[in-house]
Amino acid sequence: MTELLNTLYVQTPGASLHLDGDAVRIALPDGGGPRRTLPLLRLESIVLLGNISVSAPLLSRCADDGRAVVWMSRGGRFRCRLDGPTRGNVLLRHAQHLAHADPVVRLPIARACVAGKIQNCRQVVLKGARDAGDTKDALRGIAADLEDSLAAAGAAEDLDVLMGVEGAAARSYFEALAMMIRKDSGLSFPGRIKRPPTDGVNALLSFLYGLVRSSVHGACEQVGLDPYVGFLHGIRPGKPALALDLMEEFRPAIADRLALTLINRRQVSADDFEQLEGGAVQLTEDGRKTVLTAWQQHRQKERPHPVLGRRVAHGLVPFVQSRLMARTLREELPGYLPWTV
Amino acid sequence: MTAVGAEDPWPVPLSALEHYAYCPRQAGLILLEDAYADDAATVRGTLAHHRIHDPGHDKRPQVRTLRALPVWHDELGLTGVCDVVEVHPDGTVLPVEHKSGSYTPGGPADVQVAAQAMCLEQRMDTAVPTAAIYAMADRRRHTLAVDASLRERVCATAEAVRAVMAREELPAPAADQRCRRCSMNTGCMPKVLAGTRRYNRLLAELYTPSHETDWDD
Ligand code: SF4
Chain C
1 MTELLNTLYV QTPGASLHLD GDAVRIALPD GGGPRRTLPL LRLESIVLLG NISVSAPLLS
61 RCADDGRAVV WMSRGGRFRC RLDGPTRGNV LLRHAQHLAH ADPVVRLPIA RACVAGKIQN
121 CRQVVLKGAR DAGDTKDALR GIAADLEDSL AAAGAAEDLD VLMGVEGAAA RSYFEALAMM
181 IRKDSGLSFP GRIKRPPTDG VNALLSFLYG LVRSSVHGAC EQVGLDPYVG FLHGIRPGKP
241 ALALDLMEEF RPAIADRLAL TLINRRQVSA DDFEQLEGGA VQLTEDGRKT VLTAWQQHRQ
301 KERPHPVLGR RVAHGLVPFV QSRLMARTLR EELPGYLPWT V
Chain S
1 MTAVGAEDPW PVPLSALEHY AYCPRQAGLI LLEDAYADDA ATVRGTLAHH RIHDPGHDKR
61 PQVRTLRALP VWHDELGLTG VCDVVEVHPD GTVLPVEHKS GSYTPGGPAD VQVAAQAMCL
121 EQRMDTAVPT AAIYAMADRR RHTLAVDASL RERVCATAEA VRAVMAREEL PAPAADQRCR
181 RCSMNTGCMP KVLAGTRRYN RLLAELYTPS HETDWDD
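These protein sequences, in sequence, are chains C and S. With the UniProt record's numbering, the residue at position 107 of the first sequence is 107, and numbering never jumps. With the UniProt record's numbering, the residue at position 199 of the second sequence is 199, and numbering never jumps.
In isolation and in its complexed conformation, chain S is listed as follows (with noise of 0.2 Å):
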């Protein structure tokens, strides 16, 4: 993170809106523990964000296709990169977001998106009223109307993860059906966190002797 005046706002990346609007502890083990998901699934999404492309625009060869397109926001103190950015012939401009899995409506990436099409707002100096999420798993691109309430939220989970941001403590774990499916659980340990009857029973015990122990070798 780069030193931010004292009037500016600290710059929320966009992903960790994202994170946070899927857990808010993910945000804060990838904001403030440099923890980076790992698992074999986001192997294979990074790949798959290199190899496949998106068909919707090939077809199209008056649609310009900007890729990796840096963004940022100054009032809001967003910043980030966006995968596909699309500026059609008749200007309009469209933020397209690639996920390796499926799309839920409503989910974390609408937050992500939204941000992406009001940074483009100011640096492209346009309105930008629609976004679309690229889906992997069914290779279909869904677009969703960037409206007030999506604006809202999109403030809203910024300002939240300022406050991990300035709290320096990590937002406590979800330890529900989420954790299955996150990248981060190996470090998390959500369950090892939830489980403090079991933790401080095994605490208790440290001094006294265990049972003779069944080596099976």
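Bound conformation, chain C alone (with noise of 0.2 Å):
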């Protein structure tokens, strides 16, 4: 298995990222802090939180060495990455263009990607109804209906239906998401909002998904799929579908669930949060460091694999499920296989 290195995030305003020989060099404003350099060998990615500058010396150095760097909004937005060549693949790439054309190939794909997510968000409850109080017969039932959810979702006969019971889940889930947050952690969930978020949770849940978007889009990459041409997401200008479909089986598993746990254990607590001019809520850069923080561990964590039947780091997954997309692609697997908890 392809050895899990490191990401490098870089945060800190004005920072400027140097090629110093087989290592970046990170050069804070005003020359403050210690001097810090790290070994490129190690680095697989480095993601730039907000207003940070990289090199050309080390960009065109990264894109030799075929290492990804992500540009992100201080929230956690995706803005873009820059890679190596694309990776050859043509016959994957067509492959996954004609299934994408075809309903008959693209449905069953689609629906696949729903139910681990269905699947997924329905273990997160279950696991809030164990640890619940007076909210547990409510728990319960939400995961009751998400199983209703879950068969429907296999139904589905077009991909309007699909999406309608997606959403509908969603809706149920967010429901139960809000249960799950303790009383006394001083946050509490509105439902989902984006673009922007006005709330705390809600930013801290964007800034994970952006995590994940681009630790799956990059593992598409890198396995030669082509991250905007999706099944269950369509094709739209700028909307990196592929990623996305991939994304959901990992939103409740990993992010959703990165996120109670940070709020409830109050690793991060409301004085993580700042309020912008006209509303928007984001992360203080002390909070960031502290997810970013939980998150690089959470990486490391490893769980079984149901279809590999052995341990897997969270970080490798987004590329396990990626080759066995291409293999799916490639009509070597009969269907796509979500990754299920």
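In short, the hints are calculated from the structure, not lab data. Predicted, not measured: the structure shown is a model, and the values here were computed from it. Beta carbons are placed, not taken as given, at the ideal position from N, Cα and C, and that holds for glycine. Check the hints yourself; a few may be wrong.
What the hints assert, rightly or not - Chain C stretches covered by chain S per the calculated footprint, using a threshold of three residues with CB under 8 Å from any CB of chain S:
hint: 1; region: 89-99
hint: 2; region: 117-127
hint: 3; region: 331-341
Given two chains presented individually in distinct reference frames, assemble the corresponding complex, making use of the accompanying hints.
Printed below as a string of structure tokens:
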């Protein structure tokens, strides 16, 4: 299995990155802080949050090595990425385009993505019910609703119906998520609000989703899939539909669970968010640091992978799933199997 | 791959002969999916390529050593690069292929280096009856005769590789002990592809609520 290398996240405003031999040197504004260099060999990608500059020599070195450089907003919104040359595999991309154009192939893959998401949502809710006090029954009820949604996803005869099932499941799941946030955490969840989030929990979710998305996007490219041609999310310019498809199964099990843990263990609290002029809410620099540290640890943690039959680190699951998708599209596997916990 | 004329056979990379001889699917993954061996062993192999010198030739200054020499063979449709080609004072030409691992007599590397010999015969207009493989694992040079049966194997393997390229379909996985040492294992997924019963069972269960999981955190 591909080694799980590190991602370097840089978020200090005004910081700049330079190539220093075979290492990256991070210069903080006003020359403050300790001098930091990291060997490039250990870095899989570099993620820049907000206003960070990167020297041209470092960029071209990363392009040569196939090490991705990703730009994100401070809120974790994906902006762009620089990668080496597109990995060949034109046959795979061609198969992907044909699959997208053929409803008989496209629909089962889209269904599988939704099923993976609902299975994992349900597991998150069941876990919540186990830990809950007075909301136990309500949570068990939502888990039962999700079972119905799962069956409905399996029976969906076209994409519109499937999208409807997915939307309904998401609404009841987010109701459950609101119940799973402990009252004494000082935070509460008003339902999913994106673009931009106007409360702490949504800001945290958006940030984590951005990290998940960036890792899934990178895995697609590494495997040679076109991240922009999806099955559940169709084709729209600027929308990495396949990355979004594959991401569905990871949202609940990876991002939401991590968010709940951070909030309920009070590792992240109301102080870690700031309200901007106009009402948008985002993580503070310290808050982001806490979340990124937790995210890096989370990536190293392993879970059993049902298809591989062994434990795989969270950070590598997107690669495994992209490969399963590729093998499905090349008709070597009879269908796409999402990662279910 | 460059465009080819209608009469010319598709050029087969010399390295593909070795890959195919090891496992046909390995050649398919590299040629059809641009897969590349990305495990640590391969990286070490690449580094070793640059650093370690075959002591076989350094002691003999009268031997001319050509490195990274591009070669090809029009009729057979072969193309590639020789690691090292030695030109001895008596005019003998000897291709020496460097391998990071150990040497298996009659193994895949024989086919590759024999193909180099056949290319060199055409390029340098001379007979190349002998080829060598330098194995870094035992730091030894193993010479072999480029005889008729080996030449036959080169031609057959080249045809087989060409057939894979034309079909655009990956050969079935070996799914045997070869896979353990194979650098393509991660992308190839031989176990998953061979374990179709398990996979199909999981597919059939996808819309059935799964057992309550243990999060162990
Ligand atoms: S993993 Fe096994 S089947 Fe796949 S290319 Fe390697 S040897 Fe062949």
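Flag every earlier hint the structure violates by its number, smallest first. none
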